[in-house]
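A.B. asks: From first to last, the protein sequence lines stand for chains A and B. The opening residue of the first sequence carries number 2 in our numbering; numbering runs sequentially from there. The opening residue of the second sequence carries number 2 in our numbering; numbering runs sequentially from there.
In case anyone wonders, no lab produced these hints; they're calculated from the structure. Incorrect hints may appear among the rest.
Pairs involving identical chains hold if they fit within one copy or between any two copies, as the list cannot separate such chains.
[As the list claims (entries may be wrong)] In silico lysine to aspartate or glutamate, DMTMM-like type, Cα no more than 25 Å apart, as pairs: (1) K192 x D204; (2) K36 x E264; (3) K285 x E298; (4) K222 x E30; (5) K36 x E301; (6) K251 x E298; (7) K285 x E319; (8) K37 x E244; (9) K251 x D105; (10) K8 x D305; (11) K8 x D297; (12) K265 x D4; (13) K234 x E288; (14) K285 x D272; (15) K8 x D233; (16) K36 x D297.
There are 2 protein chains.
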Amino acid sequence: MDDIVKKIIAGDVRTVARLIRDIDDGIPEVREVLKKLYPYTGNAYVIGITGAPGVGKSTLVDQMVAHLRDQGKTVGVLAVDPTSPFSGGAILGDRVRMQRHSMDSGVFIRSMATRGHFGGLTQSTRSAIDVLDAMGKDYILVETVGVGQDEVDVVKSAHTTVIVVIPGMGDDIQAIKAGILEAGDIFVINKAEREGADKTLADLRLMLDMDQNKYREGKWKPPILKTEAVFDKGVVELLEEIEKHREYLKQTHGTLLPRRQKEKVSQELLDMVKSRLIEEVLGKLTETGEFDRAVDEIVEGQIDPYTACDNLVLPNIESNSSSKK
Amino acid sequence: MDDIVKKIIAGDVRTVARLIRDIDDGIPEVREVLKKLYPYTGNAYVIGITGAPGVGKSTLVDQMVAHLRDQGKTVGVLAVDPTSPFSGGAILGDRVRMQRHSMDSGVFIRSMATRGHFGGLTQSTRSAIDVLDAMGKDYILVETVGVGQDEVDVVKSAHTTVIVVIPGMGDDIQAIKAGILEAGDIFVINKAEREGADKTLADLRLMLDMDQNKYREGKWKPPILKTEAVFDKGVVELLEEIEKHREYLKQTHGTLLPRRQKEKVSQELLDMVKSRLIEEVLGKLTETGEFDRAVDEIVEGQIDPYTACDNLVLPNIESNSSSKK
């Protein structure tokens, strides 16, 4: 155990890769390693990059990695994609493209799929961020496909969240989940050489202004940048904006970066407790066959689902629980 | 209690409205009522209508209600929207539009917002469906904004799921969450008078064909219809397709409709057990202040979140739980 911890802190790539795979596979034993790694975390700067499929997130990430390496920074990349029939291809393409960094020991790249586990995507990604942080990476770039609640939760763990769109999304830009727009610190219109980039910029500005009036205290005004990631245009400017946001965070929150702030700690602990509860109790109910028997009884009309739920849950939680009847 | 149950079965609008509000507010006592209502459920036909904001779902629902009423059917409508700053306005507009049915005792319309509760949207919506079902409605139309996992889960509870898009979504159609596409039984291109309707139809057909090859057994081939809901065009045809799908379900699954089928029962029970566990245990941890104390300790660096999670969860679940360390 302590051997694993030491190897990770020393940056041993194989050990890190194995641990992240174990996290992705939902192996419970990783928790003990994570506990020991935690004191070594808190140094990396975490950047979330999110947007719909096809907006060019991975090309952008690839260029960001190159520039950060030029500055002598070490970088970890987590590409998070809840594997789906429609996006499965993208992951493969991404990883091939990323190969230009594969011989560089200052870059560590991993994809996470995480499906079918009770804990879910958010939990695994946060743990993987902790691992890359403990490993000593200066920057951790977390790339997610921004469509669901899970992805919103993931980007909320980042220090700076970059939301990527492309021109021509026009009216449909409202289809971006509101929670994601609110979570954006910097907006990027990638493929800005395409027609309609200015219209998209204006639309986005309008939506953000509406949002800010209501929900922000007028502090950080999210900039909107145009990039052409394939031609490496605008990427340096994006990194500069990220540094500005980092400075802003430092000035407003002292040296405390978001994941150490009370609100984010509270959200992360809440998610962790939920996942854990489900894992422990549902794991048991599945193993013992109790869950399947209850399903059969409902299908056969012997019991209603509300009573079945009582019967499954109540005996498995401590009897001093408040609302137990 | 039995009085409430009797009133609901008799279709008393005020009692139903109050119960649905209590469900939406997450009041635990509703469970006892739901248990007693359950034997009276299973008769309504549930239609899910989902799609991005602005595609005209509520106008479509409004027209569907009018036609179903012409056929002498009673209808319940649940408009489900996890309240967001960007869609808040839509709900209001919808409800105003729906007022043409407000004097018709054969129609019952309610919005559900459900936020901030542990149980979440899916759980409350399913319970509300049970209530409208027990109330005796022939059809229940559940309108959701189709962007997140919650909405996917909601439509999976419907017998027939209608997915609504508009022309010109073009390439961006892939931004529709894959899970939602897979859940679609019928696709509607609304506002079909707009340019690009045929292109959208072709794109959609292609995506569905790809999907079907892999994931369906070539049985129900989801039709794609064009509608112009504001002009009441195509709505009758949509209702005919829904009837065809209902016939298909009957033939392939006997008289068992989806929510009584094993797979759906299993999914619903799983969700219900998860919500309940979280509600019971997190409710207690919040009340006693244990959760907040743990957050403070993490922020102050006295404990790591993984250990804090152990300390919160393990004492609250029965000690014979399988993976307890």
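A.B. asks: For every hint, state whether the structure bears it out.
C.D. replies: Hint by hint, here is what the structure shows:
1. K192 x D204: So K192 and D204 pass the 25 Å test inside a copy (16 Å) and across (22 Å) alike.
2. K36 x E264: Classified as within; 21 Å inside a copy, 38 Å across copies.
3. K285 x E298: within (19 Å within a copy, 30 Å between copies)
4. K222 x E30: For K222 and E30, the Cα distance exceeds 25 Å both inside one copy (43 Å) and across copies (45 Å).
5. K36 x E301: between (45 Å within a copy, 16 Å between copies)
6. K251 x E298: Between copies only: 22 Å across chains, 57 Å inside a chain, cut-off 25 Å.
7. K285 x E319: both (15 Å within a copy, 11 Å between copies)
8. K37 x E244: Classified as neither; 30 Å inside a copy, 59 Å across copies.
9. K251 x D105: neither (30 Å within a copy, 59 Å between copies)
10. K8 x D305: Intra 52 Å, inter 20 Å, cutoff 25 Å: inter-copy only.
11. K8 x D297: Intra 48 Å, inter 30 Å, cutoff 25 Å: neither.
12. K265 x D4: neither (31 Å within a copy, 46 Å between copies)
13. K234 x E288: Answer is neither: 54 Å inside a copy and 53 Å across each miss the 25 Å cutoff.
14. K285 x D272: both (20 Å within a copy, 16 Å between copies)
15. K8 x D233: The answer is neither: 35 Å in one copy and 67 Å across copies each exceed 25 Å.
16. K36 x D297: between (40 Å within a copy, 17 Å between copies)
Checked against the numbered hints listed earlier, the structure breaks hints 4, 8, 9, 11, 12, 13 and 15; every other hint is satisfied.
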